[in-house]
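Here's the letter readout for the chains.
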Amino acid sequence: MWSSRSHGQRIAALTVIGTAIVLPLVVFVLGPHMPPGKGTPVASSQVTDNTVLLVVMTPFTMFILAYLAYALVVFRAPKGEEIVDGAPMRGHFKSQVAWLATTTAAVLFLAIFGTTELLADNGAGGGGGPNPVAKPSGAVFPVQVIAQQWEFTYRYPTYGGVETATLVLPAGRQIAFHVTSLDAIHSFWAYQLGVKADANPGVDNVAYVRTKNPSTFQIRCAELCGLWHGYMSDTGRVVSAADFATWIAARRRQFAPSMKYLPKYAPSYAPDPTFRAG
Amino acid sequence: MKLRRLIGFNLLTAVVLGVVGFYVGWWLGHLVKAESIEYFDDTGQNDIALFVAYFTGVVGFLVGLGFANYPVQRLLGKPPSLREKETAGIGRYFGLCTDHKVVGIQYLIGIGAFIFIGGLNAMLIRFELLRPTHLAWNGNNYLTLVGLHGTMMMGMMTSGILGPFANYFVPLMIGARRMAFPRIEALTFWLLMAAGTILMTALAFGGFPTGWTGYAPLSEQSNMGVDAYIAFFALVGLSMMLLGLNMLVTVITMRAPGLSWSRLPIFVWGTITTSVLMVLAAPVLVSTLFMLALDRTAQTSFFNVQAGGSPYLYENLFWIFGHPEVYVLALPGMGIVLEILPVFARKPLWGYRLAVTGMVGIMLLSFLVWQHHLFVSGINGDLRPFYMLSTELISLPTGFIFVCALGTLWAGRIRLTVPMLFALAWIFNFLVGGLSGVFLSDVPSDVTTHGSFFSMAHFHYTIMGGLLFAFFGAIYYWVPKMTGFELNERLGKIHFWVMFIAFNSTFGPLLVIGFLGMPRRVVTYAGYLQGANEWVSISAFVLGASMLVFLVNLVWTQVFVRTPAAANPWGSKSIEFQLPSPVPVHNFDRIPTFGPDPYPYGGIEGTRPVVVPARPTA
Numbered sequence: 002m003w004s005s006r007s008h009g010q011r012i013a014a015l016t017v018i019g020t021a022i023v024l025p026l027v028v029f030v031l032g033p034h035m036p037p038g039k040g041t042p043v044a045s046s047q048v049t050d051n052t053v054l055l056v057v058m059t060p061f062t063m064f065i066l067a068y069l070a071y072a073l074v075v076f077r078a079p080k081g082e083e084i085v086d087g088a089p090m091r092g093h094f095k096s097q098v099a100w101l102a103t104t105t106a107a108v109l110f111l112a113i114f115g116t117t118e119l120l121a122d123n124g125a126g127g128g129g130g131p132n133p134v135a136k137p138s139g140a141v142f143p144v145q146v147i148a149q150q151w152e153f154t155y156r157y158p159t160y161g162g163v164e165t166a167t168l169v170l171p172a173g174r175q176i177a178f179h180v181t182s183l184d185a186i187h188s189f190w191a192y193q194l195g196v197k198a199d200a201n202p203g204v205d206n207v208a209y210v211r212t213k214n215p216s217t218f219q220i221r222c223a224e225l226c227g228l229w230h231g232y233m234s235d236t237g238r239v240v241s242a243a244d245f246a247t248w249i250a251a252r253r254r255q256f257a258p259s260m261k262y263l264p265k266y267a268p269s270y271a272p273d274p275t276f277r278a279g
Numbered sequence: 050m051k052l053r054r055l056i057g058f059n060l061l062t063a064v065v066l067g068v069v070g071f072y073v074g075w076w077l078g079h080l081v082k083a084e085s086i087e088y089f090d091d092t093g094q095n096d097i098a099l100f101v102a103y104f105t106g107v108v109g110f111l112v113g114l115g116f117a118n119y120p121v122q123r124l125l126g127k128p129p130s131l132r133e134k135e136t137a138g139i140g141r142y143f144g145l146c147t148d149h150k151v152v153g154i155q156y157l158i159g160i161g162a163f164i165f166i167g168g169l170n171a172m173l174i175r176f177e178l179l180r181p182t183h184l185a186w187n188g189n190n191y192l193t194l195v196g197l198h199g200t201m202m203m204g205m206m207t208s209g210i211l212g213p214f215a216n217y218f219v220p221l222m223i224g225a226r227r228m229a230f231p232r233i234e235a236l237t238f239w240l241l242m243a244a245g246t247i248l249m250t251a252l253a254f255g256g257f258p259t260g261w262t263g264y265a266p267l268s269e270q271s272n273m274g275v276d277a278y279i280a281f282f283a284l285v286g287l288s289m290m291l292l293g294l295n296m297l298v299t300v301i302t303m304r305a306p307g308l309s310w311s312r313l314p315i316f317v318w319g320t321i322t323t324s325v326l327m328v329l330a331a332p333v334l335v336s337t338l339f340m341l342a343l344d345r346t347a348q349t350s351f352f353n354v355q356a357g358g359s360p361y362l363y364e365n366l367f368w369i370f371g372h373p374e375v376y377v378l379a380l381p382g383m384g385i386v387l388e389i390l391p392v393f394a395r396k397p398l399w400g401y402r403l404a405v406t407g408m409v410g411i412m413l414l415s416f417l418v419w420q421h422h423l424f425v426s427g428i429n430g431d432l433r434p435f436y437m438l439s440t441e442l443i444s445l446p447t448g449f450i451f452v453c454a455l456g457t458l459w460a461g462r463i464r465l466t467v468p469m470l471f472a473l474a475w476i477f478n479f480l481v482g483g484l485s486g487v488f489l490s491d492v493p494s495d496v497t498t499h500g501s502f503f504s505m506a507h508f509h510y511t512i513m514g515g516l517l518f519a520f521f522g523a524i525y526y527w528v529p530k531m532t533g534f535e536l537n538e539r540l541g542k543i544h545f546w547v548m549f550i551a552f553n554s555t556f557g558p559l560l561v562i563g564f565l566g567m568p569r570r571v572v573t574y575a576g577y578l579q580g581a582n583e584w585v586s587i588s589a590f591v592l593g594a595s596m597l598v599f600l601v602n603l604v605w606t607q608v609f610v611r612t613p614a615a616a617n618p619w620g621s622k623s624i625e626f627q628l629p630s631p632v633p634v635h636n637f638d639r640i641p642t643f644g645p646d647p648y649p650y651g652g653i654e655g656t657r658p659v660v661v662p663a664r665p666t667a
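Residue numbers (this note's numbering), protein chains in the order written: chain S, 2 to 279; chain G, 50 to 667.
Take these hints with a grain of salt, some might be off.
Said to hold, decoys possible - Derived CB-CB ranges, DEER-like:
hint, chain 1, residue 1, chain 2, residue 2, range
1, G, Gln-348, S, Lys-213, 43 to 53 Å
2, S, Met-260, G, Gly-576, 33 to 43 Å
3, S, Ser-96, G, Ser-311, 14 to 24 Å
4, S, His-34, G, Gly-576, 15 to 25 Å
What the hints assert, rightly or not - The following residues of chain G were derived to be distant from chain S, with all beta-carbon distances above 12 Å:
hint, residue
5, Val-65
6, His-79
7, Lys-127
8, Pro-128
9, Glu-135
10, Gly-138
11, Val-547
12, Ser-554
13, Gln-607
Hint data in this document are derived by calculation from the structure and do not stem from the laboratory. Glycine included, each C-beta is placed from N, C-alpha and C at the ideal position.
Looking at chain G on its own, in the form it has when it is part of the complex (with noise of 0.2 Å):
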């Protein structure tokens, strides 16, 4: 790469205006101190300056990347650069680039980098909970860990499949050549990099106390931390926003002659069905975000109790946006898992229409279950039995997926492959992760389980379990196809099984040890769970290993020692493995036309789609 390259519109002249931007707005916002605002003197700390230079950070980093230079140049009456159209070299990864295929492997690593730091997280709180009693972090310490790793881990993950894998093959899927906006496709993935970097801007500002969920009358006193949390969230939230759009609109009109909605992948439905949640609930995590930062800043009280606001308020619209969301974190899992097992069963996905149905089922329903969050908080006593009902007929469309999965595997002739085995543990996590949800559900039972390792344990078997299972089934089944090169059966099976037993032996404890009477984010605990406390570090421990076999195997198959992989290693009759690996700039010569069937296992062979690759350029 010539060194001139470095100047441009490119990541390093968005991190130096970033930079720059986030110290002109820091000084304009001191600026605006007011006597008016109380505050500010006897406590020192300016959360107006916080959020006045995180904003210009943000745009400073943008226009460093280049997202200014199309608009700017319409509006002088120039030609538009064609620098982010470029179709080769190194240089694409490290700026804005409209190919949906670079997007999609921008995101694969940068997304993997913020779950690596979560994940070290985790490690951290897991070596503080080894005693009882105070061992190495100090509260304040301890619980910037938890707020980290949760934000980070539930900020990062709801485009933990959408991001790399659904921009990477949904256009192919349903036989396009890109996305139908292409440049918000990249601003999502550039919106994500710049909130993860101001969450961890937190530890600057003295860390977070309030976890993931930030209720707001904690959230509201405490220090300036807090406001990294916001300002992380509300770009999240942006970027789920923009990111459903455009998977929505892409997949209703830019489908290939003849794909009509019934044969289209499942995992394009997964992709779907997330994408209204995102649509939907993402705007409500951003306006309630906005309420509690003009409390923070402007002294209004939309959570206030003394000035006529209340707690409750935060709390249902948090969890209105918070309970589709972890179907956001389901849902592109659930594609993901029906979409390999017929690869690997070779059989067709048994009762196509059972599995939309139960996506679409979960889709609505997880709008109409968001206060079995707040059985015990006293709000709405009466209305428990309703949300009782409606939480456990979640578990019906959930049901119609597992019965698709198990149909599929009937009579198949599997092949246990590295994507197979995380598909298959999906089934057994998301069912342990599913069942243990039926407690929380329950009211009586709520009221043991509610806010203690149970419910923590709860959600990491349907999250990590689920999602990160079907995030890295996703990484051993496409990856090859996205970069052209192999990753290792070996080390991926060793991965598989260590991180497997792991975490079972992880989080299945943690489910006792909640039952026991452990609550959440306490830095001491009582005694008697030490002994159990010790095995679930340890466990932990074994799982952030396993991390390291994948990143190992991901940095050796892939940089150092390369393997071109096959066009179709699996035998997969689905349209990507039709194409050339890695996959031709402009996907396809002629727009392909499919069959009746997107899974023709056992059928006739002139059902699967028909391609015309394109030639695969130098």
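For reference, chain S alone in the conformation it holds in the complex (with noise of 0.2 Å):
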């Protein structure tokens, strides 16, 4: 039989050569592909968010794995044994104190880590209440997100208050999306650009993005919002300068007819509360 020192010894040495094994894959492999991909900056802070998440997993799994597979091996009653017992052990204060201080630590880190990605990114990307913690510096392009059962509107307030059923958004501008219901809760997520922001009715939930190169991007309704929510879905598009002041002057003669029937451009708008819907 080996000493309990050997037995933690070879544990230690499985955890540590895992580890080994699965850390780089972890960094360069599986990193680099973690969602949401590096559409913005924000996406790209998430990507690197979850990368350093699983970083710091990685020791604790492969710990936990290779403690079990040892135990499952070694621990093992022989075949066909009458039951005996084990040592009566009933704790061991080190370890249980080393265990106690190393999550501590990780704890401690990925919460410090998280706020600041969180107040680094302005939000990093999640709706953040009207008036978010986080603001960006310099000028910003605010679209208005309206969701309704079940389509998602946008208006566009520096254009008029122009309300389009497609998003089209500049390349490489800051872009402030003031999320809002006139029913249910929704939650608008657009997948590529790394924003989710929950659409409440009367409220201006804000979240900022910062658009790169021209693209496109998913969006989908991420909260349960009715008979059609799971066809609520959109593809939107990150374009030039040039190409988006054309297409909005293109949409402002197009609806210029019916602006005078829109509501004024507002935070959030009066929802209907005898609409019933499925």
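Reassemble the complex: the two chains are provided individually, in unrelated frames, and hints are given to aid placement.
Encoded structure:
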């Protein structure tokens, strides 16, 4: 029978070897492919964030898996053995303290890291309420996202409040999404941009993101909103500044006759409580 | 069984009175239909009638079972009937019975049946998701299936372990002959049965599209199926409160002499901490649903934006209940696993005090984390760092449970019986569940994972991989003790391996699918995810099939080919295994005395509980 010390050394060795193999795979193979891709700076830093979380978890996972595997091989009762008790060990103060210290350090690191990332990225693409704590410096390009059963429409307050059915954004601009709803709770999820913000009736929920090069991105509703929730998706586009100017001018001409029927642009609109669906 | 036994206070009468009560209430409810209540005329739906009908139906059901007998007989000055204290016969299982062991078995069968229905819903959901576009169910039916699956599982599994196993074994483990409030104990079970039936009636009222969360503006505008959801969850909440209170009072006041707090088996600690959560969290649920019901019937406006209410209020209240609720689903599983590991590692529980600290820590912290469900909702944006920290802090006490489980295996003599396999699988599944939870607790990561299949897969890893695996471990460990008949070990091992592999093959890929951008509760999804979803659906069907293996095992060994179980097949030193199988009606002839250690493996023989079991009744 091996001594406690040699069991411990073997499990430690297995943990180190496992970590040494898996960690580079996590950082160099899995890391670059972590969601949601590198479409925007916010999305990129979410990729970094996801990778860091995986890196912190890897040694813990490897330890527990190594321990379980080792225990199942070495601490097994021989087949057909009469029931024999193991040694009556009821705890080990040092290893308990070591475990507590390690997990506490990891947890505090994760909380501090998460908070810095959250503040550094102006809310990391998540909806931060009507008046977010972290705001980008410099000019922002506001776009209002109006969720309703069961589609998103978009208003551009700096272009006369024109309302469109497709989302087009200029490249290289700091965008401020103002997300609101006309009925139930929805959630505006622009996957490749790294943006998700709940659309609540009567609330102006702001999320910031800086666009990069011209590209397309998927939009889905991420909060159950009734009958056609599963169909509430859309494709948005990021286009060059010149293309955007052409596009928005065309939309303003197209919708000029209907502008007088639209309510004046506002952070939120009165939902209709008697409207019943699904 | 004699035919005249069918007449009297039993399940049959209860069903008849329940249906009669329902229609009486329905009729009464239509009497109060008023011009001033605006929705009725233009939509033809009468929520008031349905709520009244559910209420009178439940009252009729309970009266039929005999819950009114005792108070009525007392009020009339007559001696109460002793029918509910019957000690033998199959009829006890079909009515009000105050024997905690009968209630435990009632719970096992009753809850098992509803969980099976919930599982079938999951199969139908996965069938639809074989194709990225519409396949079998229309949008409304699909959402109803999603809602029924989620609500049924969340409602029933809250009592999934406390109902059958704590009711049966906690009195034994603390050396008591009964629970503190035996009639309330029976009531918690029958309330759940009424609740489950009510939830199924949602199908008759057009289903409900709100999922198990029932977020307010949607649940206020939706059809009458939502009333069934409200009535179900309110009854479940009531049942949880009563169950938790009963457990707490029992453990606090009825422990045998010498059984101090530090001598309680760890499963009892799991039960206590769960009960505290139930008693404190469930009232929030019931009052929230009451507000929602008022909004739907009396035209109040708690959650109606235009009239000054707030959907945030509903979200907050729901998750103040909802997050302790998910630990109601986790803690009993931890208790079971830490109870099973010492028996089959032949070791005392390693770090008993650390494990208790872990459970109490989880219990306390679980009240401080609810807004991590609302990280992108726009509420309290500046409090997100706090909720991120408090959520991640929960991994410390959870880590205690892990380190105690691992420490117990150290230098043990591990025997891989079926219960042990389930307990070990719990460690693996809950590890994946816990680690995936870290992504959801971190705000930047949560922006992608929130509301996606990732979060769905995460909580299936903790609840199904955690609680349900512990549930099955407990079944294989304790059912021979409860019924007196062995379960088949070979079928048990087949069940375990198919379930374990199919479970991971179902929910592992779902973590990835969520990361790749698939939201929850959608009936259509992006075409590039079809291959992965087909894999998941087929794995889910295999997972469903593994449950059939279990059912065959259960029915075959408990009904058809019965092998009497030994008193102590596992060589356990826990007190219930010192009693005959099944446990006699009065548990012990004399109240047992307890040694200083609930797990005296490798210790001195004299430290195991001294038990004088009751003579078996013929």
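We went through each hint and held it up to the structure:
1. The given range of 43 to 53 Å is respected by G:Gln-348 and S:Lys-213, whose C-beta atoms sit roughly 50 Å from each other.
2. The hinted window of 33 to 43 Å between S:Met-260 and G:Gly-576 holds, with their beta carbons roughly 37 Å apart.
3. The beta-carbon spacing between S:Ser-96 and G:Ser-311, approximately 21 Å, falls within the hinted interval of 14 to 24 Å.
4. In this structure the hint that S:His-34 and G:Gly-576 lie 15 to 25 Å apart at CB holds, the actual value being about 20 Å.
5. Every beta carbon of chain S lies more than 12 Å from that of G:Val-65, the smallest distance being close to 35 Å; the non-interface claim holds.
6. Annotated as non-interface, G:His-79 keeps its C-beta farther than 12 Å from every C-beta of chain S; the closest such distance is 20 Å.
7. Distance check for G:Lys-127 against chain S: the nearest CB is about 52 Å away, which clears 12 Å, and the non-interface claim stands.
8. At the 12 Å boundary, the C-beta of G:Pro-128 stays outside the reach of chain S, the nearest C-beta of that chain being 51 Å off.
9. No beta-carbon of chain S is positioned within 12 Å of the beta-carbon of G:Glu-135; the least distance is around 38 Å.
10. At roughly 37 Å, the least C-beta separation between G:Gly-138 and chain S is larger than 12 Å, which holds for a residue marked as non-interface.
11. Consistency note on G:Val-547: stated as away from chain S, and its beta-carbon is indeed over 12 Å from all of that chain's, at 19 Å minimum.
12. Interface exclusion of G:Ser-554 from chain S stands, the closest Cβ pair being 18 Å apart, more than 12 Å.
13. Every beta carbon of chain S lies more than 12 Å from that of G:Gln-607, the smallest distance being close to 26 Å; the non-interface claim holds.
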